[in-house]
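Those letters in the sequence shown? Residues 8 to 251, per the numbering used here, in order.
Bear in mind the hints are in silico, worked out from the structure with no lab data behind them.
Treat the hints with care, as some may be off.
Stated by the list, open to error - Restraint ranges, calculated between C-beta atoms of paired labels, are given here:
(1) R211 to T244: 38 to 44 Å
(2) G166 to A233: 46 to 52 Å
(3) A168 to Q229: 40 to 46 Å
(4) T244 to S191: 27 to 33 Å
Claimed, not checked - SDA-like mimics (lysine to any residue), calculated; alpha carbons at most 25 Å apart, straight line:
(5) K218 to I249
(6) K218 to A162
(7) K218 to S190
(8) K218 to Q92
(9) K218 to G198
(10) K218 to P91
(11) K218 to E245
Predicted, not measured: the structure shown is a model, and the values here were computed from it.
Every residue gets a Cβ at the ideal spot worked out from N, C-alpha and C, and that includes glycine.
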Amino acid sequence: MVAGEVPQHVHRSDPPSVGPLPPPLRRYQSQHSAVELGPQRLQVADDPVLKIHPRHSQSSGANLGRGRSRYPLAVRFVVLHAHPQQDCLNVALRDGVVETLERGGHDVEVVRLTQSEWIDGVSVAGAEGLVFVYPTWWGGLPAPMLGWVQRELAAWIDGTADAATSPLRTVRHLVAVTTHGSSSWVNRLQGEPGRHLLRRTVARLCAPSTKLRWVALYGVDQREPAEMSAFVERAATEVASIAT
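With these hints in hand, go ahead and build the complete structure from the sequences.
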């Protein structure tokens, strides 16, 4: 399988017919619907790798989306998002997390990881909260997100660089918000590679005593619209609660 492709046996079928979706999922079908990915080269003018959601942009340049907060206890969050579709449950999860954090007075930057493109690890340097929002494919992270971890954190993962210099050393809040087409027991049989990578490897590069908060919805293709909508709200609430 070419790196970055969507697993064919999971994603070739059409999404289930679930009827009208309630807000905030009216425009979103399951992120496990049919997708065909090919090579992509993004144009910086219209789809930069450092993709700041337009609702969250407050200035031009590298500091887009980081607006100065009025709140003295504001936490700087970086939300890493990886999904090829624009209208899906995964995007609703990302937007719900970002909007809830911003309502709480936190500074939020959204980084969209895309196929064959990378951001420099220093883009997350100084963050106190790091949130991974993604669909679980093949039991783990999507190829662009996994590639980012392997490429940008390799020196600290393999021990060639001092952990004290890790770009994640200021991260105190580490969260994964993810969905699974399969059940939880199937993911456990797979070894939960995505969860273990974040919990055992990425968390080790964060501030001392940082633990992974795991927020997951299993069997998403069999879920009712109300269940998906409830998960969007629960994910946003759980992420926001860790910074209070």
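Tested hints:
In this structure the hint that R211 and T244 lie 38 to 44 Å apart at CB is violated, the actual value being about 27 Å. In this structure, G166 and A233 meet the distance hint of 46 to 52 Å, their C-beta atoms being roughly 47 Å apart. Checked against the given bound of 40 to 46 Å, the beta carbons of A168 and Q229, roughly 44 Å apart, stay inside it. At roughly 21 Å, the beta carbons of T244 and S191 sit outside the given window of 27 to 33 Å.
Taken as a hint, the K218 and I249 pair is honoured in the structure, with Cα atoms around 11 Å apart against an allowance of 25 Å. Only pairs whose Cα atoms come within 25 Å are accepted, and K218 paired with A162 is accepted, the gap being roughly 21 Å. Restraint check for K218 and S190: the C-alpha separation of about 24 Å stays at or below 25 Å, so the hint holds. The suggested pairing of K218 with Q92 is violated, with an alpha-carbon distance near 30 Å, which exceeds 25 Å.
With a C-alpha separation of about 19 Å, the suggested pair K218 and G198 falls inside the 25 Å cut-off, and the hint holds. Distance hint between K218 and P91 is unfulfilled; the C-alpha atoms sit about 28 Å from each other, more than 25 Å. Only pairs whose Cα atoms come within 25 Å are accepted, and K218 paired with E245 is accepted, the gap being roughly 14 Å.
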